[in-house]
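Enquirer: Sequences listed follow chains A and B, in order. Using my numbering, the first residue of the first sequence is number 1, and each one after it goes up by one. Using my numbering, the first residue of the second sequence is number 1, and each one after it goes up by one.
In case anyone wonders, no lab produced these hints; they're calculated from the structure. Certain hints may be false.
Derived contacts from chain A toward chain B, CB cut-off under 10 angstroms, selection only [claimed, not checked]:
| id | residue |
| --- | --- |
| 1 | A98 |
| 2 | L131 |
| 3 | A143 |
| 4 | T150 |
| 5 | L206 |
| 6 | L207 |
| 7 | V251 |
The beta carbon of each residue, even a glycine, is placed where N, CA and C say it ideally should be.
Chain by chain, the residues run as shown.
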Amino acid sequence: MKHKRFALKPVIAFVSMCILAIVMLYPFYYMINTSLKSKEQYFGAPGHSFSSWKNLLKVLPVGRQLLNSTLVCAGAIFIILIVSSMAGFALAKLRSKASPIIFVGIVGAMLIPLQSIIIPAYINASKLNLLSGYWGAIFVYAALGTPFATFLMTSYFRGIPDELIEAAVMDGLTYGKTFIKIALPLAVPAIITVIVLQFIQIWDDLLVGLLFIQDENYRTITVGLGALSAGRVTDIPVLMAGSLISAIPAVAVYLIFQRQLVNGLTAGIGK
Amino acid sequence: MKTTSALARQRSRSGVIFAIPALILVAAFLGIPIIQAGYFSFTEWNGVTAIWHGISTYNHEIHDPIFWRVLLNNGYLLLGIPIAILFPMGIAFLLNEKVYGWKIFRSIYFLPTAISWVVIGMVSMRFFAQEGLLNGLLKSFGLGFIKTDLLSSEQGALFAVGITFIWSMVGTNTIIFLTGMATLDQSLNEAARMDGAGNFRIFRSITLPQLNRFIQFSFIITVISAFTALFSLIFVMTGGGPGFGTTTLEFFIYQSAFSRGNFGTGAMLGVILFFMMAVLGIGQLLLMRNKDD
Numbered sequence: 001m002k003h004k005r006f007a008l009k010p011v012i013a014f015v016s017m018c019i020l021a022i023v024m025l026y027p028f029y030y031m032i033n034t035s036l037k038s039k040e041q042y043f044g045a046p047g048h049s050f051s052s053w054k055n056l057l058k059v060l061p062v063g064r065q066l067l068n069s070t071l072v073c074a075g076a077i078f079i080i081l082i083v084s085s086m087a088g089f090a091l092a093k094l095r096s097k098a099s100p101i102i103f104v105g106i107v108g109a110m111l112i113p114l115q116s117i118i119i120p121a122y123i124n125a126s127k128l129n130l131l132s133g134y135w136g137a138i139f140v141y142a143a144l145g146t147p148f149a150t151f152l153m154t155s156y157f158r159g160i161p162d163e164l165i166e167a168a169v170m171d172g173l174t175y176g177k178t179f180i181k182i183a184l185p186l187a188v189p190a191i192i193t194v195i196v197l198q199f200i201q202i203w204d205d206l207l208v209g210l211l212f213i214q215d216e217n218y219r220t221i222t223v224g225l226g227a228l229s230a231g232r233v234t235d236i237p238v239l240m241a242g243s244l245i246s247a248i249p250a251v252a253v254y255l256i257f258q259r260q261l262v263n264g265l266t267a268g269i270g271k
Numbered sequence: 001m002k003t004t005s006a007l008a009r010q011r012s013r014s015g016v017i018f019a020i021p022a023l024i025l026v027a028a029f030l031g032i033p034i035i036q037a038g039y040f041s042f043t044e045w046n047g048v049t050a051i052w053h054g055i056s057t058y059n060h061e062i063h064d065p066i067f068w069r070v071l072l073n074n075g076y077l078l079l080g081i082p083i084a085i086l087f088p089m090g091i092a093f094l095l096n097e098k099v100y101g102w103k104i105f106r107s108i109y110f111l112p113t114a115i116s117w118v119v120i121g122m123v124s125m126r127f128f129a130q131e132g133l134l135n136g137l138l139k140s141f142g143l144g145f146i147k148t149d150l151l152s153s154e155q156g157a158l159f160a161v162g163i164t165f166i167w168s169m170v171g172t173n174t175i176i177f178l179t180g181m182a183t184l185d186q187s188l189n190e191a192a193r194m195d196g197a198g199n200f201r202i203f204r205s206i207t208l209p210q211l212n213r214f215i216q217f218s219f220i221i222t223v224i225s226a227f228t229a230l231f232s233l234i235f236v237m238t239g240g241g242p243g244f245g246t247t248t249l250e251f252f253i254y255q256s257a258f259s260r261g262n263f264g265t266g267a268m269l270g271v272i273l274f275f276m277m278a279v280l281g282i283g284q285l286l287l288m289r290n291k292d293d
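Chain B extracted, bound-state conformation (with noise of 0.2 angstroms):
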């Protein structure tokens, strides 16, 4: 009895020493940091010295309509979302049918997410350029009226990295939508039919309950994105202009912090980053734990 206690109380003890490399790495380059950041919202900040503001410098950001536009920029491209995950749905869809070479498709869908947002931005900012494919498709089409610089105007130009967004998407939400309907039961669709379901019906009452998960991972994993992983994107394509036209929330905390040096700034907007997306990812904690019970 006693060397089982004392076996387990080593045991234990290992399992604290063991997690402690890991515990320090996450504490000293993100923990440590996102509490420096909450600090240092609270002052105007240029990298060396810190002067204490308290909320005010919160009170001054939200009054300030440039913050609102930025904010704005990240509303826009979240429109994008639905086609982001509705497009690789229906993909998914039909290569679950087997299309003729539907592995070989998956591959080359799926090929986009290997590289990185600063190739696909220089390719992208090509394409949507005055003599770029895009003009050039439009006017073969016989549309050749509508030719357009997106990228010169602020609205053409976050249209633009949007597009970008949504196609950079379609690799990552198929496949995550393949996996899903590799788990569907196929028993339940043919109990369906025999009691006369149509296909539609089937569709909605058997097929998308269960692939409820798999929409909802989508979705998370598309909004994170949208919040978080356009920097290089943008960085390339429009460095954030014309004007603040693609300027988004997490590019406007580099801006913030080292094009214009108010660090101060820049944490809190990373400060705000930050609670929009613990939101999120705490709210779709809470979803599924609803669910399991």
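Same shape as in the complex, but just chain A (with noise of 0.2 angstroms):
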């Protein structure tokens, strides 16, 4: 009797890990499965077809947008890389009495909500004349994803031994020769952890670019797809063709580089 109770359990546990299993993929399964319907069909008519797919088309000019989405992307991770490396080695590697005041005005900045400083934000940005192309977002983007990135390259860096950079210095290369040569290419675990963090924050955002990019033709993908749904465009199979391409680089991404996603998660815990 006891043995029965002792084989019962895993057996329980499996199952209802199943279950949960069903309960998170089930918005992957309605996408696919909803996408494959033409209008009529998701209204009860029997059989699949690609009709819709081929009216998202019309609707939505997805090349564009994803074209947009990898632009603002690549443009905002660029520059957090270049200013959160540098930043990181500074405080890590060579330290001052400005340095702690230096940490905690870049990385303090993570207690700021975007939501806090949009409006002014915008208002300067317009000003600016930032709100016609890309750059707008891209900026708005790398700033906010600077601190964080900061912290984690600055952490980083702390692992590196100092010996390492003392005796390049020693051997006569500048503090810039030294972050390049021997500094960057130690940090590349923590560079593609930024890189995967960032890439999927920035490709899921809405408000940022639907506020900081104006002109209809540069916007990414996941506000093309807000600002249709917003239009309340009611056919259903269309705008889930649209949500399942705007997923897959995210969800492609995450599964490539899961490892360094959660390590990037988890260096807030500290220690």
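With the hints as a guide, dock the two chains, each given alone in a separate frame, to form the complex.
Expert: Structure (structure tokens):
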């Protein structure tokens, strides 16, 4: 009798995990299934078709918007990597009395919610003519990503021995050269973590893109989709096709770089 | 001696120079705007001209019932937080027992973290709709008489947003607790078992204290998300409605400024949100520092 109870426990655990897996995967099933129906099929007619995918291309410039999303992500991540790796290196390896203040100044900005600054930032950007192309959004995303990226880079560089940097300087390298030739190559794992975290965050964002990209031709896919749904496009299968295509790149990045994403998330817990 | 101090000086100078680009970026797009928000929160501002009103803007706002209605919505969402933390903790415990296929389950549960709120909102809206899966499930369990259109009532819509929020936090919080459980010291459990402690006793006196840091972290992440991450979800799912049913503080900021053109009010609400989050963040910091001593 006791034996039987012991064999039952893992089975119950397994079954409940399976049920939860269905709950978590349901949106993907729903998107795939619904996008493969025409409007009539969605309302009960039998069978599947690609007609909603064809209609999607008519209401949403998918290719252009995927390109826009890629460019905005690339631009913002590029800026984040440059400024946060430099600052992280400085805060970990080139310490002075000013370092703690600088650290709080950059990393402490994590406490500022996007919604708290978005109105003045929007007005500033419009005065600086940053709303017509990609640049307004790129700069705002870069600024929002920099505090946490700097935190990650600083703690990563702290793990690199001081002797390595000192030896390079003793050999006559400038701090700039030491940074580029010695420190940066060692920081590749942290750089990948920053890229993955920021890519998913920026790709999936609606609010900044909605406000800081005024020209429809420059809209990212997530903003395009959000605008489509707010415009009350009632063709659900078309919306689901759009949702699916916008989700695929971020999901792909997740599947490939899952470990780095988890590292980035849990880095905030500290020691 | 002279050379080392010259070297040290050069090093600290480089240290400041290297940090300048990050400082400028953060100052220009976060630092200056939060100060501007502080200034404009005392004004009536349409984006072009601002009229100074002083503290009376705040005074006026806290006497506005809509403001409290909005904060109440935030409060209701906070009620979901215990579930959003305890449920994933239970999942993490099961996964940590190395259930068959636990690595795959872990990946599946974390997957929604990669999809945007826009997509989640769109699917969730269909799920809760009159002809959606929820009503279908209720019907198949013989509960068809409950059939509801949750999104059409104020409380119902907020409930639907809350459920979606909890669903989307499952992955993140499960991962946090799995990380925590990997750090548990198993020898303590064995020692306690030797001393005759039961499962519950071990959990309460040995496991929970070791997980404290992770519970705190997941709490902070979940509260911050509830206050600042739901804009897109609400934008897509309900547009803040019906009425003010699902308008949370962060959504109210957007509405005030960009739907009604009251940029001053929007800035003020932003300042209030900032202080709420800052108190939370600083409180967390103090709590952790006390532990370290």
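Enquirer: Does each hint hold? Answer for all of them.
Expert: Status of each hint after checking the structure:
no.	hint	verdict
1	A98	6 angstroms, holds
2	L131	13 angstroms, violated
3	A143	3 angstroms, holds
4	T150	6 angstroms, holds
5	L206	4 angstroms, holds
6	L207	5 angstroms, holds
7	V251	5 angstroms, holds
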